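Participant: Please work from the sequences and hints to get the whole structure.
Here's the letter readout for the chains.
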Amino acid sequence: MTGLRRSAPRTDARPGGPWHAPRAWAIAALGVAAVAAAPWGIGEGAQRFLSEAMLMLAMAQMWNLLAGYAGLVSMGQQVFVGLGAYCLFFASISLKLAPFWVLPLAPLLCAAVAAIVALFMFRLREAYFAIGTWVFSEVVSLLISKTERLGGERGIGLPTARLVDPRWLEPLTFWISAAIAIASVFGTYALLRSRVGLGLMTVRDNDIAAASIGVDVWRNRFIAFVIAAAGCGLAGAVSFTATLYVAPGFAFDPNWVVAMMIIVIIGGIGTLEGPILGVIIYFTLREVLTVVFGLSAGWYLIGLGLVAIAAILFEPDGLWPLVRGRLGGDWLSVRREPPVPLQLPAPAPSAEAATSSARGLGATPGDG
Amino acid sequence: MIWVETIINGILYGGLYGLLGVGLALIVGVMRVVNLSHGEFIVLSAFIGVSLVGVFPGVHPLVLVLPVAVIAFGLGVALQAVLINRVVTRPDPFAAILLTFGVAVVMRNLMVEIYGADLRHLQAGQLAQASTGIGGLHVGVLPLSILALSVILFTGLQLLLTRTRFGRIVRATADHRDVVRLMGVNPGRVYNLAMGLSLALASVAGMLLAIRASFSPYSGVERLLVAFEVVVLGGLGTFWGAMLGGITLGVAELVGLRLDPNAGPLYAHLLFLVGVLLRPNGLFRVRT
Chain A
1 MTGLRRSAPR TDARPGGPWH APRAWAIAAL GVAAVAAAPW GIGEGAQRFL
51 SEAMLMLAMA QMWNLLAGYA GLVSMGQQVF VGLGAYCLFF ASISLKLAPF
101 WVLPLAPLLC AAVAAIVALF MFRLREAYFA IGTWVFSEVV SLLISKTERL
151 GGERGIGLPT ARLVDPRWLE PLTFWISAAI AIASVFGTYA LLRSRVGLGL
201 MTVRDNDIAA ASIGVDVWRN RFIAFVIAAA GCGLAGAVSF TATLYVAPGF
251 AFDPNWVVAM MIIVIIGGIG TLEGPILGVI IYFTLREVLT VVFGLSAGWY
301 LIGLGLVAIA AILFEPDGLW PLVRGRLGGD WLSVRREPPV PLQLPAPAPS
351 AEAATSSARG LGATPGDG
Chain B
1001 MIWVETIING ILYGGLYGLL GVGLALIVGV MRVVNLSHGE FIVLSAFIGV
1051 SLVGVFPGVH PLVLVLPVAV IAFGLGVALQ AVLINRVVTR PDPFAAILLT
1101 FGVAVVMRNL MVEIYGADLR HLQAGQLAQA STGIGGLHVG VLPLSILALS
1151 VILFTGLQLL LTRTRFGRIV RATADHRDVV RLMGVNPGRV YNLAMGLSLA
1201 LASVAGMLLA IRASFSPYSG VERLLVAFEV VVLGGLGTFW GAMLGGITLG
1251 VAELVGLRLD PNAGPLYAHL LFLVGVLLRP NGLFRVRT
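Chain order of the listed sequences is A and B. Following our numbering, the numbering of the first sequence begins with 1 at its first residue and continues without gaps. Following our numbering, the numbering of the second sequence begins with 1001 at its first residue and continues without gaps.
Keep in mind that the hints were calculated from the coordinates and are not lab data. Bear in mind that the values here come from a model prediction, so they are computed numbers and not experimental data. Glycine included, each C-beta is placed from N, C-alpha and C at the ideal position. Hints should not be assumed to be uniformly reliable.
Computed list of chain B residues with no C-beta within reach of chain A, every gap over 12 Å [stated by the list, open to error]: (1) Glu1005; (2) Gly1074; (3) Leu1119; (4) Val1141; (5) Leu1157; (6) Val1179; (7) Pro1217; (8) Leu1278.
If you want the footprint, here are the derived chain A segments under chain B, 3+ residues with CB under 8 Å [as the list claims (entries may be wrong)]: (9) 126-137; (10) 140-149.
Only some residues are given here: those of chain A computed to face chain B with a beta carbon under 10 Å [what the hints assert, rightly or not]: (11) Gly71; (12) Arg123; (13) Leu327.
Facilitator: Right, dumping it as structure tokens:
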């Protein structure tokens, strides 16, 4: 369970890196102002493009939380993208409410489904979990394509989008997408700095050792799986609101998870900055290959697949570690310093000592 | 009577599913890697079969299974030697999974670009329609011969692994990769041959399935899921378990289609999920 790391953990960067007050607050305020003002500065096409990229970032970050921190490679994460979208469409149409009002239902439904699915999917390990979730996604997709109320295979439109002032539809989508992207990055950051996050990382690095010091492996993974499902559901719901149409073939397309996986692997699995870098590379490549060179989507996926294969072979930690040095350390470090210098030799470990050391780690400065 | 016929057809179809899975079971057993490009190789072999039929129009597709299997063996050795052996020794179990997933993405989209996204079918001529009556039941000759071929291949694989020197080396490598080095075995080379064998078996299944059902470059996902379900239901690393797992899925799918004509593989998937819930170690966990 080591993510894709082969190098030993680095100890150079201080926790927090350059990302601490008051400069951080200034940057954050500027960022919020820029996002808020953006719809007046850029055209609708650019807003749509940025919304798509930011939603993709949120999904990739969720996949990164699972694969990079919780040791769960899910190949069926598209099921939550699709369920979120269908939940929003169904709720909005049946309640006759504007889509944005029912948006919170999508992550709630996905979290509930994930909580139930986890009960039996967690019996499967590693690759079996990966394909087990994929089978689950196929089952949900097939069931929805057989449900006429949800439009069957043809899919359904979103007539309630007319309840939103058309001038505000695009900016609202943009702002919500930006909020989701920011929340995905900083929410994951906060989660990983918490006790749950510490538990997750100890499980990832050595699950037997983690269990032996009292970390509840199952519970930590469960929390991560439910959060990732909610995040993907929310991003999926907004993503299909923008297209005003959902069908099983698009909603449960395995290419969602292909994109999440490629973004995370190229950027750097098990780092919070990696998916940001990955999204930038992913969308830059897409625009260059499909717009500038006029290649079809197929060739672009082939290109990305080759880049991902090369990354796994030659740069398993992704590109972020190469960029990190130039930017002055981690921005969003979740690394912790040991509370006291380690002293060797330690006294003979007893059950009591093991428990207290687990508590000691949990109370590390910066917790929460 | 129609149900008996459905179940018999399910068993015949399931033998083919078992064949889809057994190559994957071999790789899982030998190197603890799930090859996520397994389905893409199954589809690729069907495309190679279609191309060969175009080049040799007079030759029956069932004869062309042999050259396709040889090509698939070579591709398997190359895939393992060039890519997978580089990551299989890493302590991280996900490197190989993600690598083969990357290979699957590249292959699927390459096939779309080269062959187009249309549904294809491999014509088997009169044999496809021929049927024989056993006790008043109509059973196709082709499905029957496909099941017979599956049983022969399963038996052959079983004998190869249990009765030959090569099989002994493969089993020893699966048990202790580092210890067999001391005996002068190169685990990488064993893996190359195992992957070649796995994809050769997959290609036979791919060709036979292409005669029975249409396929497109996007079918790889479905084939992989079936193969994987066969492996898990059968119990990891047991070949006859894989055969039984395949038959269970085949019966579930055909009975499901009889109940609900546009269900697709839904009932097979549901059976798999229920199976995992009840018996995570496989339905047919037996020692071989």
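Participant: What hint numbers does the structure not satisfy?
Facilitator: When the structure is compared with the hints, numbers 7, 8 and 13 turn out to be violated.
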